[in-house]
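**Q** Residue strings, one per chain:
Protein chains: 4
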Amino acid sequence: MKNGIKKIGVLTGGGDCPGLNAVIRGVTRTAILKYGLEVIGYKFGYKGLYNNDYMPLTLQRVSGIGHIGGTILYSSNKDNLFDYTVEESGKKVKKDVSDVAVQNLNKEKVDALIIIGGDGTLTSARDFARKGVKIIGVPKTIDNDLHATDTTFGFNSAVNVATEALDRLHTTAASHHRVMILEVMGRNAGWIALESGFAGSADVILIPEIEYDIEKIVEKIKDRENRGKLFSIIVVAEGAKPKGGKVVVKKTVDDSPDPIRLGGIGNKLAYDLEKYVNNHEIRCTVLGHTQRGGITSTFDRILATRYGVKAVELLAENRFGNMVSLQGRKMTYVHLENVIGSQKMVDPKGELVETAKSIGISFGD
Amino acid sequence: MKNGIKKIGVLTGGGDCPGLNAVIRGVTRTAILKYGLEVIGYKFGYKGLYNNDYMPLTLQRVSGIGHIGGTILYSSNKDNLFDYTVEESGKKVKKDVSDVAVQNLNKEKVDALIIIGGDGTLTSARDFARKGVKIIGVPKTIDNDLHATDTTFGFNSAVNVATEALDRLHTTAASHHRVMILEVMGRNAGWIALESGFAGSADVILIPEIEYDIEKIVEKIKDRENRGKLFSIIVVAEGAKPKGGKVVVKKTVDDSPDPIRLGGIGNKLAYDLEKYVNNHEIRCTVLGHTQRGGITSTFDRILATRYGVKAVELLAENRFGNMVSLQGRKMTYVHLENVIGSQKMVDPKGELVETAKSIGISFGD
Amino acid sequence: MKNGIKKIGVLTGGGDCPGLNAVIRGVTRTAILKYGLEVIGYKFGYKGLYNNDYMPLTLQRVSGIGHIGGTILYSSNKDNLFDYTVEESGKKVKKDVSDVAVQNLNKEKVDALIIIGGDGTLTSARDFARKGVKIIGVPKTIDNDLHATDTTFGFNSAVNVATEALDRLHTTAASHHRVMILEVMGRNAGWIALESGFAGSADVILIPEIEYDIEKIVEKIKDRENRGKLFSIIVVAEGAKPKGGKVVVKKTVDDSPDPIRLGGIGNKLAYDLEKYVNNHEIRCTVLGHTQRGGITSTFDRILATRYGVKAVELLAENRFGNMVSLQGRKMTYVHLENVIGSQKMVDPKGELVETAKSIGISFGD
Amino acid sequence: MKNGIKKIGVLTGGGDCPGLNAVIRGVTRTAILKYGLEVIGYKFGYKGLYNNDYMPLTLQRVSGIGHIGGTILYSSNKDNLFDYTVEESGKKVKKDVSDVAVQNLNKEKVDALIIIGGDGTLTSARDFARKGVKIIGVPKTIDNDLHATDTTFGFNSAVNVATEALDRLHTTAASHHRVMILEVMGRNAGWIALESGFAGSADVILIPEIEYDIEKIVEKIKDRENRGKLFSIIVVAEGAKPKGGKVVVKKTVDDSPDPIRLGGIGNKLAYDLEKYVNNHEIRCTVLGHTQRGGITSTFDRILATRYGVKAVELLAENRFGNMVSLQGRKMTYVHLENVIGSQKMVDPKGELVETAKSIGISFGD
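Residue numbers (the UniProt record's numbering), protein chains in the order written: chain W, 1 to 365; chain U, 1 to 365; chain L, 1 to 365; chain A, 1 to 365.
Note that these hints are calculated values from the structure, not bench results. Hints may be right or wrong, so weigh each one.
[As the list claims (entries may be wrong)] Derived pair list, reagent style EDC-like, types lysine to aspartate or glutamate, alpha-carbon separation capped at 20 Å: (1) 6/W with 38/W; (2) 34/A with 365/U; (3) 47/W with 281/U; (4) 349/L with 119/W; (5) 6/L with 150/L; (6) 43/L with 225/A.
[Claimed, not checked] Pair ranges (Cβ atoms, derived): (7) 278/U with 276/W: 39 to 47 Å; (8) 103/W with 151/L: 43 to 51 Å; (9) 278/U with 244/W: 38 to 46 Å; (10) 274/A with 276/L: 54 to 62 Å; (11) 58/U with 55/L: 37 to 45 Å; (12) 33/W with 243/A: 34 to 42 Å; (13) 100/A with 213/L: 39 to 47 Å; (14) 131/A with 219/U: 43 to 51 Å; (15) 219/U with 3/A: 58 to 66 Å; (16) 64/U with 216/A: 21 to 29 Å; (17) 360/A with 63/W: 15 to 23 Å; (18) 243/A with 228/W: 25 to 33 Å.
Beta carbons are placed, not taken as given, at the ideal position from N, Cα and C, and that holds for glycine.
Required output: the full structure, derived from the provided sequences and hints.
**A** In structure tokens form, the structure reads like this:
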């Protein structure tokens, strides 16, 4: 590059998400084909940066990965090098090891870093930028809950999986006149529940942003009965909450013959509904990890590639310390200092919720 | 028909299963187009027969349903008219109400019945046959565990769903170096776990027919590590059991803030493995009801249609009291007296298990 | 509605497109559930309006159609009531029969119309608006080539089908070292080719907006060979053109034993490439009508529903004569007078094309 | 192995087919894990054997390929080493070069060969067996038209693709009241057309085994009209023939502006039908190469793996010169001398055709 950058590093942090490989491919191909750079990928996110554990990213290495879920660079969930757990004299202590990372970059002559991750990963990215490392961030949140960009890759794929599950549950619900509950991802923001519930013709959508009143849900089920619809489909975000209530999602173990017990909002809701609804069987399915992987959707492949290519362009334009951002139909950027901790929640009065209500979907409020 | 049959009834009993609608369509079209019969469908299985609650099955009514899961006739799980719960003088009592059903058949001039269901449903079918009702049975078990026929419809669709879930889990498992457990259907027979594990490249398959030793599973995980494979995929049938052990699958409720607790073999295994495997995260997904519904697979559409058409042909041939049976590539029949209670289990020494072991899949034994 | 509207009509015009049923469902449910309106659907687009041929649209009628392609109202391709072909005294003549339509609306007491269609259909919608009919338009173009709205429903579904075809062609191309050409929709605008080529990892994308030079394509194939890639994938929009050239797509018939002969740009390209590329087999597949139908994608189901709901809201707000329009993430409207004839083409210098070029995709220029 | 086999070679010949990689993976894993063999794969079928061009097949190399279409060994369509085209003194001559292949096997100390292919490839396999090479054949035909085995891998995947296309065409056909024709693979045997037509609810299925009378097809279309079904779906195998007629499928080129002209039975039928059916538009889609590739179906993954594992077992049992064969549910073997040239055609009087006719499907006879 004209600005002297000759070699760059890439890393992925946090939970995996469909599209990560498309970003890596987009970065690598653009860096090599357009700018003649050398590219390496650190393994396991920041851990690889600390251990100087990396793989060369060549055209051959990124060939055929664009549509595959996961990340060829591996990822790890919690590795903050500014507050890292190391062993010293046999004891685990927390310390700032970010200088080790900087030394590794210097040793390998890596001129700049492209860091792909969510809020935690990008916080560290900002901190490295503050230390003078040339950084471009790429936002990753399967929940689509980042304020600084319009849409994140992986979200469309996850919504597709959840919608397909709803499509499947419909035929069983209708055949057995059941109330079927599907618990999907969304600890803080209900986007996946909202969009999949919308697309999958759910009757009730429960999201963290709107506390639900169980009697409103029962009312909806009864309304449907009165119209001859003897089944109902409920999609619930894992972070949904009953009005005034508090849901403790925890895993406990005891000595009984079935030692593992798991509770989540979906199962809680099934239990609670049984007190009100005695003419239908109620079943809950927790979609879990199947929402994350597999084949990346067409939409996400394109979006992720655009993020990756733009990240390299921002390096070429000396826009260090920024994060790639989609605004409307345009790929642009925002400064990393301005993106941390700013979540995008579903607006309970927004057009999407209002539109869903217009076609008769209940939010339990 | 030459034998005087002019009107037939159809009903579906037991849990829903992809292909039921294709059977109903096959029966209806053949009965109308080839034999000029009138066809009605009883709703909710035997309950509809008892309540004389039915719908006419016309060409129009069965149009476009062949690929859709569930059953347009609805189904109910436990309705044995020979031991039926009725209210008498305000109390619930069990009694044999099969004569009511026979009277209803006479009243509507229904000459013969095609009954689609599993072991319980077909037991009643046999009992009606013993009472002189002209019956043809069609076997339905999504678990493929019926001895009297080679393959049942719905099974291929269920295996497809489970395999797709395994495909998805692979990318996440590989990205995070996790042990991923998928719990699939199969209370008594492990066919779905076996075939999906095979097709989905599972490393370990646990089935009811082979009690597992957890240390063998750990061994397999370690073996993979030694070959540089830092993740493992386990598929477990809901009825799998540890060696000598007993798994109690139950749902309990208490007064704690998370009142619902669910235990199953998948979650138990995840918990147990944690004691042995501390360098990987372990996650369990329970596939649940998404295995039953949605779009019926191509394979099952054809198979189910053949079952349905053959059922009508058996009526035309006066072969009452028989069940349609697939043997090799041939549709034939067996007498209902000979099919009840005979389950087809996975042979722990059979070709499929041996083949799976040859490519390195562990069964925990 | 407060403005006195009590009954509305809906019609779909032009080629079918995934999402039409979701619009119809969104319109019907909102009209009935939120505003208590009566809704009817004219059959076969304007033809139904002329013949007063319609069906009532009830909650029951639109139940379960949201994810299904096609249109329950049927459609016809060319029926301009302002220049309509009628038989008079045994001869076919063209005349303006729009007054018949207006009389039919009056007769049935239809207060307003929601018209879903492309450029031709919306031109008539505008003309009816000029005559004083209360009209809201909903844009439909599977090619996504309408200037007055950001994204149209159906497009994402079509891109998915084309991308899946490219995914399939990859394995065969790689196994046999072939050049595989896929011809997709896009007579004037190349959006489907662009996005599917992007997502499906095509090596060459040919679109109407960028005339191609066959020698540049050959160059790309040779470049890949030099990197050890012995196959190439080309996606070509049906309206793509060679530089300076002119492609005549026509259907001819002669008296030879194989009387039908079809030519399109994909097959022409295959033929032309054979002169340059003699070490690979070259194959062309024309995707055709499979791009239009089947299951509507999640993305399009949501988008189409939003269009439908917004159309009803615009009626309630007295915004007659407008078309629903998506701008950024917001559903809004533009006047029908301003939308006709304004196509949105791929910008040969725009971000998408540039991004594609950055990762090494050739546009033959 | 106890019989002294230490190293084996694998090759794939003929057109690609979903499941080839699963066979290769099954062979490699069994050979290494169960028998401790060394495995190599010849590239491009027999061509690689002639040129001694191969790749080592390790556990790493076959990891993750089981579900992917195509063949990692590449394939070539026509390479008979017993009648091979070589250049001698600047001229191309045909000669028997099979001894070169045998020398290469000796040079590399390859003790036995597993050869995966169709009729042509297996004919050569038999000829090498006659020369004393230790050979096991694995049958491959996407058309499922081999007599010596019940079902071949790849067929189910191809039927799935064709059925999905029919599902898609249905919604468009119904919306526009069209006659939609889909041309699928099947030059000699009509299995793909038969099964996909069955599963995809086609109204007419045309196969090579039953010559069609166009007037019967028209009759079927009219019958449907009379029942209010204003569209029809026809699936036609590429080798279908009109009664008494002869279809020449060829590619011609002339100097007209559209130099490429392609004719196939699907387009011919569309043309011919237009003379009879003037109240519907008629459209033909040729599915082509998209039937071969992509993700291998669950069914084919299992079947192909079983073929591969059994091939290695046959080597261990000294059953050289045999081909793996599925008979009923059992994997067994037949001698290569007995399998060549014996095609399995659809029986026009068989159960499948009769069953299809019972539900009203026309075969044009």
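**Q** So, for every hint listed, does it hold in this structure?
**A** How the hints compare with the structure:
no. : hint                         : result
1   : 6/W with 38/W                : holds (6 Å)
2   : 34/A with 365/U              : holds (17 Å)
3   : 47/W with 281/U              : holds (16 Å)
4   : 349/L with 119/W             : violated (34 Å)
5   : 6/L with 150/L               : violated (31 Å)
6   : 43/L with 225/A              : holds (17 Å)
7   : 278/U with 276/W: 39 to 47 Å : holds (44 Å)
8   : 103/W with 151/L: 43 to 51 Å : holds (47 Å)
9   : 278/U with 244/W: 38 to 46 Å : holds (40 Å)
10  : 274/A with 276/L: 54 to 62 Å : violated (37 Å)
11  : 58/U with 55/L: 37 to 45 Å   : violated (19 Å)
12  : 33/W with 243/A: 34 to 42 Å  : violated (57 Å)
13  : 100/A with 213/L: 39 to 47 Å : holds (43 Å)
14  : 131/A with 219/U: 43 to 51 Å : holds (45 Å)
15  : 219/U with 3/A: 58 to 66 Å   : violated (30 Å)
16  : 64/U with 216/A: 21 to 29 Å  : holds (24 Å)
17  : 360/A with 63/W: 15 to 23 Å  : violated (49 Å)
18  : 243/A with 228/W: 25 to 33 Å : violated (51 Å)
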